[in-house]
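Engineer: Chains C and L are the protein sequences, given in the same order. Residue numbering for the first sequence follows this note's numbering, starting at 7 and increasing by one per position. Residue numbering for the second sequence follows this note's numbering, starting at 7 and increasing by one per position.
To be clear, the hints were calculated from the coordinates, so they are not data collected in a lab. Take these hints with a grain of salt, some might be off.
[Said to hold, decoys possible] Just the calculated beta-carbon pair ranges, DEER-fashion: (1) C:Gly27 <-> L:Asp40: 28 to 38 angstroms; (2) C:Asp101 <-> L:Gly43: 29 to 39 angstroms; (3) C:Arg39 <-> L:Pro105: 46 to 56 angstroms; (4) C:Asp26 <-> L:Gly43: 26 to 36 angstroms; (5) L:Arg61 <-> C:Ala91: 34 to 44 angstroms; (6) C:Pro105 <-> L:Arg107: 39 to 49 angstroms; (7) L:Leu28 <-> C:Glu108: 41 to 51 angstroms; (8) C:Leu28 <-> L:Ala83: 24 to 34 angstroms; (9) C:Trp106 <-> L:Ala42: 27 to 37 angstroms; (10) L:Lys60 <-> C:Ala94: 23 to 33 angstroms; (11) C:Asp36 <-> L:Ser111: 48 to 58 angstroms.
Here a beta-carbon is modelled for each residue, glycine too, at the ideal position from N, C-alpha and C.
Number of protein chains: 2
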Amino acid sequence: MPETILYVCTTCRREGDDPDGLRAGARLLDALRDRAGGTPDLRVEPVECLSVCKRPCTVAVAAADRWTYVYGDMDPAASAETILAGLAAYAATPDGIVPWRERPSAFKKGVIARIPPFPAPRPLPAGTPEAAE
Amino acid sequence: MPETILYVCTTCRREGDDPDGLRAGARLLDALRDRAGGTPDLRVEPVECLSVCKRPCTVAVAAADRWTYVYGDMDPAASAETILAGLAAYAATPDGIVPWRERPSAFKKGVIARIPPFPAPRPLPAGTPEAAE
Numbered sequence: 007m008p009e010t011i012l013y014v015c016t017t018c019r020r021e022g023d024d025p026d027g028l029r030a031g032a033r034l035l036d037a038l039r040d041r042a043g044g045t046p047d048l049r050v051e052p053v054e055c056l057s058v059c060k061r062p063c064t065v066a067v068a069a070a071d072r073w074t075y076v077y078g079d080m081d082p083a084a085s086a087e088t089i090l091a092g093l094a095a096y097a098a099t100p101d102g103i104v105p106w107r108e109r110p111s112a113f114k115k116g117v118i119a120r121i122p123p124f125p126a127p128r129p130l131p132a133g134t135p136e137a138a139e
Numbered sequence: 007m008p009e010t011i012l013y014v015c016t017t018c019r020r021e022g023d024d025p026d027g028l029r030a031g032a033r034l035l036d037a038l039r040d041r042a043g044g045t046p047d048l049r050v051e052p053v054e055c056l057s058v059c060k061r062p063c064t065v066a067v068a069a070a071d072r073w074t075y076v077y078g079d080m081d082p083a084a085s086a087e088t089i090l091a092g093l094a095a096y097a098a099t100p101d102g103i104v105p106w107r108e109r110p111s112a113f114k115k116g117v118i119a120r121i122p123p124f125p126a127p128r129p130l131p132a133g134t135p136e137a138a139e
């Protein structure tokens, strides 16, 4: 299985963050690391900013030959399990496109953008709906 | 110079689009192709959806070993020149991070997200500001 990379923005703040404590993004990183231990082929990488500052917390999911997805509005405590479940579904696809009904609700609502596999977009299969997936 | 790929969402609609005509995203693709002819190391790729449906028109910029940027709110006619100027600045950097003051205003306002170079984020240089770049 090719490695999946989960980028976690550690700069994301949330209203109510303790100014002397860890930011929400850093807390999400910790929660993900706590729960991701032992997950095969997953690398959790802190990033200083994903430029989605208005919808914290923010993560991005990427793997070779798969679409990259960016998600916002992730709760720093509660979303870690959801994110890991979503990543497992992502890793099980050939191209990163998880069928809509199999996506966690937080991914459906929180999707910020998706980017085709680099270097070339794969042709979409016939019958792919036109609207956002 | 490594190739830069400009993904253009051709599904993006704008209010006022002629229902029998080309969608705004497809018109932006045409405008970019018209003006990009002969630009070295640039590939313009149509994509069916970048999942930024609320901020049409949308494009993404990617290159090997550089950060990927996603931009929205692009005008289908007027933004082609701006996008190409922004891409030239992007291509001239080692990592895709164009200094803030050198970015086109439409890129500053329209940034949707940025994603680190795959497979690993590069360490940010000392003194990099914390907030969105």
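Engineer: Work down the list of hints and note, for each, if the structure agrees.
Structural biologist: Hint check:
| no. | hint | result |
| --- | --- | --- |
| 1 | C:Gly27 <-> L:Asp40: 28 to 38 angstroms | violated, 53 angstroms |
| 2 | C:Asp101 <-> L:Gly43: 29 to 39 angstroms | holds, 31 angstroms |
| 3 | C:Arg39 <-> L:Pro105: 46 to 56 angstroms | violated, 33 angstroms |
| 4 | C:Asp26 <-> L:Gly43: 26 to 36 angstroms | violated, 56 angstroms |
| 5 | L:Arg61 <-> C:Ala91: 34 to 44 angstroms | violated, 28 angstroms |
| 6 | C:Pro105 <-> L:Arg107: 39 to 49 angstroms | holds, 44 angstroms |
| 7 | L:Leu28 <-> C:Glu108: 41 to 51 angstroms | violated, 33 angstroms |
| 8 | C:Leu28 <-> L:Ala83: 24 to 34 angstroms | violated, 46 angstroms |
| 9 | C:Trp106 <-> L:Ala42: 27 to 37 angstroms | holds, 33 angstroms |
| 10 | L:Lys60 <-> C:Ala94: 23 to 33 angstroms | holds, 28 angstroms |
| 11 | C:Asp36 <-> L:Ser111: 48 to 58 angstroms | violated, 37 angstroms |
Of the hints listed earlier, those the structure fails to meet are numbers 1, 3, 4, 5, 7, 8, 11, in rising order.
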